[in-house]
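Line by line, the protein sequences are chains F and C. Quick note: the first sequence uses this note's numbering, first residue 1, plus one each step. Quick note: the second sequence uses this note's numbering, first residue 1001, plus one each step.
Since the hints were derived computationally from the structure, they do not count as laboratory data. Given the structure is predicted, the values throughout are model-derived calculations rather than measurements. All C-beta atoms, glycine included, are put in the ideal place defined by N, C-alpha and C. Among the hints, erroneous ones may be present.
Derived Cβ-Cβ restraints for the label pairs, each shown as a range [stated by the list, open to error]:
(1) Ala264(F) / Leu1111(C): 39 to 49 Å
(2) Gln1140(C) / Ala84(F): 19 to 29 Å
(3) Leu286(F) / Arg1193(C): 32 to 42 Å
(4) Glu1127(C) / Phe248(F): 48 to 58 Å
Per the computed footprint, the stretches of chain F lying under chain C, defined by three or more beta-carbons under 8 Å from a beta-carbon of chain C, are [said to hold, decoys possible]:
(5) 150 to 164
(6) 170 to 181
Anything over 12 Å on all C-beta distances counts as not near chain C; from chain F, calculated [to be verified]:
(7) Gly27
(8) Ala106
(9) Gly117
(10) Leu121
(11) Ser215
(12) Ser229
(13) Gly230
(14) Ser260
Residue-level listing of the chains:
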Amino acid sequence: MFEFLIHVAIMACLYGLLSLSLNLQVGFGGLVNFGQVILFGCGTYGAAIAFSHQLGPVAGIALGIVFAVVVAAAFARLGRNLGADYWGIATLAVAEVLRILANNEAWLTGGAQGISGIPLLFGDMPRPMGPLMTLGLCLVLLLAAWWLCQRLTTSRYGLALKLMREEPQLAASLGYDLAALKTQTLMVAAVLAAASGFVFAHYITFVGPDQLVSSETFLIWAMVIIGGSGNHLGAIVGAILMQFLFAFVPFVKDALGLPSEYVAAMRLTLVGGGLLAFLMWRTQGLIPERIGGKQNG
Amino acid sequence: MAEAVLTAERVAKAFGAHKVLSDVRFRIGADEIVGLLGPNGSGKSTLLNIVSGFSRPDAGEILFLGKSVAGMPSHKIARQGLVRTFQLPSMPHRMSVREVLRAGSRDGAGLLQAFTGKGSDDAEAEELIEQFALAPLAHQPASSLSGGQKKLLSIAVALRSRPKLLCLDEPTAGVHPQLRGRMVELLKAFNKRGVAMLVVEHDMHFIRELCGRCIVLDRGEIIADCAPRELTENERVVEAYLGKSVAKQKVSA
């Protein structure tokens, strides 16, 4: 049970990173990114491709970050002439195209079989020290990401993001370059998502296209909305809450004597039902955004 | 007149077959407050949109501080010091009045500056909050302000960006009459500190108090460029607002 809890905590941290990344985009920049999972995928495939080419983890994270920044730049370029909602649909389409590419370009990605055997980051340590060290790394990453996001959004840069989110015309009339702001925000968010993907790949030891289905994006959206869009702590709490709820679904299934196939359905119901409930009755989420909070710059 | 801050030459704009502006020429001196008047549909807002980069002219030239800005993106024009407000100012739901005012200045708003900047108060923003009587509302969400208060906030935000030319689109619409007098005083004070202004407005009393010169548009053409007190004597202006028969009666009287 202890190792199971460590596993859930590691996954909660990795989703926390993804949730922070999406929150920076949508919660602060108003960037409705429905292709978030592919930024995570850049990190997983960066690690996997580096491994398959006998390169070390440093090359893996570098590759993942490069992939993610390139995709983020493509997303930003794509959005230049599109409204927020149409841009969201376009990001979903690009993410799907890239997933299908990963599924088919076997020479690079291993195709549908993916790439397995990626080494654990702390594989030479005995259990449970290895997973505990991974959890420690995840916590450090999550804290660093939280500090980065907090620093960004409590500065004047954060004010610019908020103005872009709500009144883009006013922001442009004051001299803010919205295209540059979008590109920068997407790139920072992409690096966070890629870091999550890199650690995930070295933790699960397998990378495949099935990890990049769009339902993963909507799970991250649910975490942000339920936790509190525009609040970093909210995004982390949303991720932890959803992960622990997911983890305990099989126990609920056993307690109620339900068949195994109900587990996936119950998890989907949790995501959909949770999203719907919060959108209808508590749009600000569990920990709402602070209006007029302390500024650093 | 001081050196021109804005010069428009032969500006033209059409939406399909409908000509909105044709051969519009004017200049604004660096020390001036100029009113831009005209009946509804005369092309005032289109001209303001073109000058501020929110619309591209079909023809003509616009020089701001001697540099061509015709067709330039709005944010680039704003960075040079030409800042505008909007007829119906919309304000953020999830930003306080103080935050919006602070966002008026781009100083220190770069990505890397988020990590190098130190915590500091924005004295200019605080001064504007006091001057525009927004202090009791400073912590409130900006969207919760009344229409008139939003107008005041939008002017204050534009001034926070330290413009050289401020274009105001109907600044008094929805503003309490008592506040209009205060607005005139404030705008005049900023004008003395070097901010030229182009003011689209329907309130003639406000225009007479604030502006030294008026440009009148009718059906996309400039029909008058004179002092506000001369407007009622100008037959073309009276005709544009009240019709031909009234203009004739007025002139014959």
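Results of checking the hints against the structure:
{"no.": "1", "hint": "Ala264(F) / Leu1111(C): 39 to 49 Å", "result": "holds, 41 Å"}
{"no.": "2", "hint": "Gln1140(C) / Ala84(F): 19 to 29 Å", "result": "holds, 26 Å"}
{"no.": "3", "hint": "Leu286(F) / Arg1193(C): 32 to 42 Å", "result": "violated, 47 Å"}
{"no.": "4", "hint": "Glu1127(C) / Phe248(F): 48 to 58 Å", "result": "holds, 55 Å"}
{"no.": "5", "hint": "150 to 164", "result": "holds (count 10)"}
{"no.": "6", "hint": "170 to 181", "result": "holds (count 9)"}
{"no.": "7", "hint": "Gly27", "result": "violated, 10 Å"}
{"no.": "8", "hint": "Ala106", "result": "holds, 38 Å"}
{"no.": "9", "hint": "Gly117", "result": "holds, 38 Å"}
{"no.": "10", "hint": "Leu121", "result": "holds, 28 Å"}
{"no.": "11", "hint": "Ser215", "result": "holds, 28 Å"}
{"no.": "12", "hint": "Ser229", "result": "violated, 9 Å"}
{"no.": "13", "hint": "Gly230", "result": "violated, 6 Å"}
{"no.": "14", "hint": "Ser260", "result": "holds, 43 Å"}
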